[in-house]
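Protein chains in written order, with my numbering: chain A, 29 to 226; chain B, -11 to 403.
Hints listed in this document are in silico derivations from the structure and should not be mistaken for laboratory results. Treat the numbers as computed from the prediction; the structure is a model and nothing was measured. Glycine included, every Cβ here is placed at the ideal spot set by N, Cα and C. Don't take each hint at face value.
[Claimed, not checked] Calculated cross-link-like contacts (lysine-lysine; reagent style DSSO-like; alpha-carbon spacing at most 30 Å):
hint, chain 1, residue 1, chain 2, residue 2
1, B, Lys373, B, Lys350
2, B, Lys350, B, Lys328
3, B, Lys223, B, Lys328
4, B, Lys267, A, Lys186
5, B, Lys328, A, Lys143
6, B, Lys309, B, Lys288
7, A, Lys186, A, Lys206
8, B, Lys223, A, Lys186
9, A, Lys143, B, Lys223
10, A, Lys206, A, Lys143
11, A, Lys143, B, Lys373
12, B, Lys373, B, Lys328
13, A, Lys143, A, Lys186
14, B, Lys267, A, Lys143
[To be verified] To be clear about the criterion: a stretch of chain A counts as covered by chain B if any three or more of its residues have a C-beta under 8 Å from a C-beta of chain B, and this derived list gives those stretches:
hint, segment
15, 120 to 126
16, 130 to 142
17, 149 to 163
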Amino acid sequence: MSSTAAALRSSIEAIVQAKLGARFDVDFGFREKPEQELLPGNIPRGAFTEIYGPASSGRTTLMFSALAYLTRQPEFCAYVDAADTFCPRSAAEAGIHLPHLLWVRCSGNSEHALKAADLLLQGGGFGMLVLDLTGVALRDARRISLASWFRLRNAIEKTPTAFVVAEEQLNAASCSAKQIQCRASNPGIRPELLAGEL
Amino acid sequence: MYAALHASGNPELLLECARYFSPRIELTSADTVLLHIAGLENLFGSPRQIAEALANRAGIPLNVAVAADADAAVHAARGISGITVIPPGKEATTLAPLPLNLLPGSADAAEALHTWGIRTFGQLAALPPLGIAARLGEEGVHLQRLSRGEAGRQFRDLMDPVTFEERLELDYRVELLEPLSFLFSRMLNDLTQRLASRALAANEVHLELTLEAAAPHRCMLRLPVPMRDSAAFLKLLQLELSARPPGAPVLKIWLRLNPVPPRTQQHGLYIARAPEPEKLEITLARLSNFLGQENVGTPKLVDTHRPDSFRMTHFAALVTKVTEPPDHETPILRRFRPPKHAQVLVAAGRPAHITCMHLKGKVLDSSGPWQSSGDWWTREPWDHKEWDIALPDGAFYRLYEDCRTTRWFLEGNYD
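Here chain B stands alone, though its shape is the one from the complex:
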């Protein structure tokens, strides 16, 4: 939502009034100021109450207009006296009586519209868009969208966008992680305080270390949820650097946090129990540190019949839609990774005796074979004949013959 303030002759007063309410201000012209009012509802109430607060704060007669579209707010403030609140979707109706001279545009376009007898926003909005495009081109289409309050332009912030980055040039080279951590801690504290002052959080941490006689060491931590906890950032950086240390002493540090709106969560009695995102991220980083990143995560099934095909993805404690459970029961397989090579004696076309590492014995019962093959068009095709067998140790196993190599493997056991 945007609010436009319009009063002739005193732009400084308008700016001062706008700054009192929001840090995001646009000086649209010498007599008009636009400000971003999203989030002010909690402080001032409804859009009308925000507009009234703005008018009271200014202390001089001025026009205030609130709208979801920036240009609609500006035109309403310039053309309608007092306070105007345009509900979303009512822009064209509200702007319809305004005179056309409020619209920006070339003299040629203005003259053409005047010649056609078009005098108000509403008359221009009612014209067929294709006809406008054919006669006035791109400018005409833009003017018509302005008259309908649908221009949807970008907000031009008066101040440069705030960046959350810190640079530090070291007096002496640093070789150990511990002294680096002290510096990181200081920089992260400053950055998170700046984030907090603007009610923001970060979803990415970028680090670049300039090294002595080596290429810069860069790393980026992507967080599953926006965070603002400097201790958590520090721990994640420490774990990342201990897992992948820079290869040379450090001369300079550059650290940047990517600002995003903070996570909002409605707590309730019936919300699913879940690990705290900050704690979970540190735990996952610690686990990845000694087990490897590829060994920690959530398995995602791949759409193929290839045995044991899945993909590991990052685990995030986000509730997803639960699908219907399968309506049939299947025995649960525990896989041997990699499958164990076995020597199998075949009698009457069925496995009769097996020798495999610590397993050796007669096959008491068997069921199969089930043929499974695929990926023949790739470099890694598979072609298996699978058997389910019972061995004297009382366990059931899945055995397969690789038809391409005629070798036998134990794939796993049922449990």
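Bound conformation, chain A alone:
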């Protein structure tokens, strides 16, 4: 993509130089957009990413890997937990440095969760903001208006924050820059996998 843009730029400059002569220095101010930094799980910064899939498909594992990476950089992250399902012990075992994580519990109220995410995005300064809508009733998640998603997408643009929405089905439609689908592979229960808490 970058080589195509560079080639296009040089050809346009050559045409204009030929028409206007050498009197003018032609500079269109084209700047190649730097490659977006990708966090673990290929989650981009400064963009709105949706992670969706059924239960036990690894959505939380994917988000936690990115949160663990960022909180250890160290950066500060926020987790807006709509259905209050976040488990601090699991998070710590996944490598998340808890003192660098702000946890916002919304007790199943998706409107409050949206409002909280909006406030945190406007405040800025977080490396990653997760809006966890898994566990929220599907009809409630679908009821979120496109205008709300657009507002969140606009708030995240041109910031270094990665904004991730976890859900069971896609809700934000074209507002999200990236969609990651998780599928359960049904590996069966292995005793060494599910070690349990003693």
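Given chain A, work out where chain B should sit, using these hints.
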């Protein structure tokens, strides 16, 4: 660091000279003035340059001594001519040649020391402290510490300590938050300007509202970092009062800011990205306002095996030491709060079928049980048999049987 000025006969001139350099002055005696010079390095340079500036400003012959200990500076100014700068740790060496008559003390103690042949600070400093304590008591110990330049006494400020508080008695009672906010804004502007004039910030905001026919309404906002932004203080007060409004009309307002040195932060390219403390505090207050204070913060794990035990603490964007990540991978649990009650059919000692709200089906696979119990000495003991189960919906769940009630619960699912 302290600087002592000593010149006989003109205390007013000494005070005027000291006031030019620092607002924190002590009139030690009629011929000696002590001033706090911490922070003057940026204006005048090294301690010696500060001492020279003081001597030049006075315009009369005087002794100037700079030391980390207040009494050491005073004694050096009284006993050594010209400018003396005592480096930290060299107080005893510098003061050693000074005569003992510079030390305060009773006539008895002075006579006893004279009888022993002690004539200088250095000789007194060299005596064994236990022997001094046995013969001269507490006074002797104090005199010896003065001679070593280790007294470490409190600075006695000439002016009363500045308080940053405002009172306002209202002509009429105020019932709404909006008119109160205007008054808060005015008071906070004055207070923050006074803080700024003294290069201070505040880490606590105290508010007391005298109410009509009700007990006073008090609140205190504790800030994670010192701030001086009146708009941020106002917003925090508004959010606090809208969350916990006073129960009656307001008659008087009392507002106080607790002064502390401002936050200093070295900016750099490689410093962690973090939310601005002032903005973050307002955002947290807004979130707490509609979600409840207990639902916003940082989880802190509690040292127990009790399931789902943690404590919420206030979130502050302060970088803490990152510990090593765990070297083993564990499946991540999403908890149901509270755990969902389930009806379970058991076959051959294992869960075989489950019915729980919207979930119903045969248990395809299971692993367990793992026994977990504790807190039997408290009123809330727990005793669980935990199972990991796979259900036909393709998901894995953690199921447990409460052995005390023999009821089954779904604790969460793995994701």
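Evaluation of the provided hints:
1. A hinted pair counts as satisfied when its Cα atoms are at most 30 Å apart, and Lys373/B with Lys350/B qualifies at roughly 19 Å.
2. Proposed proximity of Lys350/B and Lys328/B is supported: the alpha carbons are some 17 Å apart, at most 30 Å.
3. Only pairs whose Cα atoms come within 30 Å are accepted, and Lys223/B paired with Lys328/B is rejected, the gap being roughly 40 Å.
4. Simply put, Lys267/B and Lys186/A have alpha-carbon atoms about 19 Å apart, close enough for the 30 Å limit, and the pair holds.
5. Using a Cα cut-off of 30 Å, the hinted pair Lys328/B and Lys143/A holds, with the two alpha carbons roughly 28 Å apart.
6. Taken as a hint, the Lys309/B and Lys288/B pair is honoured in the structure, with Cα atoms around 15 Å apart against an allowance of 30 Å.
7. Taking the CA atoms of Lys186/A and Lys206/A, the gap is near 16 Å; set against the 30 Å cutoff, the hint holds.
8. For the proposed pair Lys223/B and Lys186/A, the alpha carbon gap of about 27 Å is at most 30 Å, so the pair holds.
9. Taking the CA atoms of Lys143/A and Lys223/B, the gap is near 18 Å; set against the 30 Å cutoff, the hint holds.
10. Of the pairs offered as hints, the one joining Lys206/A and Lys143/A holds, with about 22 Å between alpha carbons and a cut-off of 30 Å not exceeded.
11. Restraint check: the Cα-Cα separation between Lys143/A and Lys373/B comes to about 39 Å, which exceeds 30 Å; the hinted pair is violated.
12. Proximity of Lys373/B to Lys328/B is assessed by CA-CA distance (about 15 Å); at most 30 Å being required, the pair is judged to hold.
13. A hinted pair counts as satisfied when its Cα atoms are at most 30 Å apart, and Lys143/A with Lys186/A qualifies at roughly 20 Å.
14. A C-alpha spacing of about 16 Å is found between Lys267/B and Lys143/A, which places the hinted pair at or below 30 Å, so the restraint holds.
15. Chain B is given as covering the segment 120 to 126 of chain A, and this holds because 6 residues of the stretch bring a CB closer than 8 Å to a CB of that chain, at least three being needed.
16. Residues of the segment 130 to 142 of chain A lying with their CB closer than 8 Å to a CB of chain B number 7, which satisfies the three-residue condition for coverage.
17. With 8 residues having a Cβ less than 8 Å from any Cβ of chain B, the segment 149 to 163 of chain A passes the three-residue criterion, so the hint holds.
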